[in-house]
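Peer 1: Start from the sequences and build out the full structure, keeping to the hints where you can.
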Amino acid sequence: MGLLGLILAAVLVAVLIAFVIVKYLPLKLRWIASIGLLFLAVFLGMKIYNGIMQPINFNKDKVQRYSNVVRNLKIIRDAEVKYYEANGSYTKDKNLLIMFIDSSSLALTVTNTIVKTVNRGGGITDEIEVKVTDTIGYETVLKYFKNRDYKNMFKVPGLEEIEFSLEVGTVEKVQGLLVPTFMAKTPKQPLLAGMNESLVKQEIEQLDSDQIKGEFVSVGSLEEVTTAGNWPPSYDKSDKKE
1 MGLLGLILAA VLVAVLIAFV IVKYLPLKLR WIASIGLLFL AVFLGMKIYN GIMQPINFNK
61 DKVQRYSNVV RNLKIIRDAE VKYYEANGSY TKDKNLLIMF IDSSSLALTV TNTIVKTVNR
121 GGGITDEIEV KVTDTIGYET VLKYFKNRDY KNMFKVPGLE EIEFSLEVGT VEKVQGLLVP
181 TFMAKTPKQP LLAGMNESLV KQEIEQLDSD QIKGEFVSVG SLEEVTTAGN WPPSYDKSDK
241 KE
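Counting in full-length UniProt numbering, the sequence shown runs from 1 upward without gaps.
A portion of the hints provided could be inaccurate.
To be verified - Distance condition first, Cα-Cα at most 27 Å in a straight line; then the derived DSS-like pairs of lysine-lysine:
{"id": "1", "residue 1": "213", "residue 2": "237"}
{"id": "2", "residue 1": "213", "residue 2": "146"}
{"id": "3", "residue 1": "237", "residue 2": "188"}
{"id": "4", "residue 1": "60", "residue 2": "92"}
{"id": "5", "residue 1": "173", "residue 2": "131"}
{"id": "6", "residue 1": "201", "residue 2": "47"}
{"id": "7", "residue 1": "60", "residue 2": "82"}
{"id": "8", "residue 1": "201", "residue 2": "155"}
{"id": "9", "residue 1": "237", "residue 2": "143"}
{"id": "10", "residue 1": "201", "residue 2": "60"}
{"id": "11", "residue 1": "188", "residue 2": "213"}
{"id": "12", "residue 1": "213", "residue 2": "74"}
{"id": "13", "residue 1": "62", "residue 2": "74"}
{"id": "14", "residue 1": "151", "residue 2": "188"}
These are calculated hints, taken from the structure and not from any lab test.
Predicted model only: the values in this text are computed from it and were never measured.
Peer 2: Below, the structure written as structure tokens:
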């Protein structure tokens with residue numbers, strides 16, 4: 001809206017100046033007005049160009065800053081998922097989660113279906129299929145975090161003095177069934193420090209599906225059962241390279 005107003009103002013000023021030149025300015029002085037108009041055109045052209053490029057550059061810069069944050073949130077997410085596989089719950093203890101990656105192992109299991117004979121009484125038997133799960137070995141949690149900086153995963157990139165907040169909770173998925181949940185997040189505002197204040201305000205209020213919604217960059221939820229982040233799929237394109 002500001003850019004449109006600038007263009008309309010430029011057109012209006014040009015028309016008014018042209019009218020003044022034709023109506024009141026002597027012929028021998030019109031070359032001065034022409035030079036002034038040239039400078040005005042260059043000035044307005046630069047203003048319009050900057051008005052167009054500012055949101056484009058803002059989006060490029062913001063995506064770069066967010067990408068680094070999302071990278072760490074993915075590591076936290078994967079650590080919590082592995083911790084859940086081993087313990088049946090999530091943890092808000094950051095040091096414990098790092099120690100878990102360093103020193104813990106996960107059981108490797110295989111599930112087979114066997115036929116079991118059941119005595120129904122009175123000489124009557126029946127055969128039923130039963131699933132049996134056996135442990136066939138163990139693997140280290142650390143193998144899932146090779147070449148990933150999990151020891152610094154709680155530091156917010158670009159704001160190393162700030163860490164992600166980490167919370168755990170439960171959600172009643174069906175009546176009487178409480179399911180563990182977790183959430184890691186950091187506010188957008190500090191990440192966008194030094195950028196255009198008007199565009200930052202719009203970004204914090206962002207609700208578009210192809211953008212990171214709301215005032216936080218986050219993964220997980222305390223209100224629903226999910227391990228997904230609030231970023232769009234475009235931030236997951238580099239997953240195969242990780």
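Peer 1: None of the hints should be skipped; say for each whether it holds.
Peer 2: Taking the hints in turn, this is what the structure says about them:
1. 213 - 237: OK: residue 213 and residue 237 at ~19 Å, within 27 Å.
2. 213 - 146: violated (31 Å)
3. 237 - 188: holds (21 Å)
4. 60 - 92: The given pair, whose Cα atoms are some 33 Å apart, is violated under the 27 Å limit.
5. 173 - 131: holds (26 Å)
6. 201 - 47: Holds, because 22 Å separates the two Cα atoms, which is no more than 27 Å.
7. 60 - 82: Violated, at roughly 33 Å.
8. 201 - 155: Between residue 201 and residue 155 the Cα gap is close to 24 Å, so the pair holds against 27 Å.
9. 237 - 143: Within the cut-off at roughly 22 Å; holds.
10. 201 - 60: Within the cut-off at roughly 17 Å; holds.
11. 188 - 213: OK: residue 188 and residue 213 at ~10 Å, within 27 Å.
12. 213 - 74: Roughly 17 Å between the alpha carbons, so the hint for residue 213 and residue 74 holds.
13. 62 - 74: holds (18 Å)
14. 151 - 188: Distance ~23 Å between residue 151 and residue 188 Cα, so the pair holds.
In summary, the structure is inconsistent with hints 2, 4, 7 from the numbered list given earlier, while agreeing with the others.
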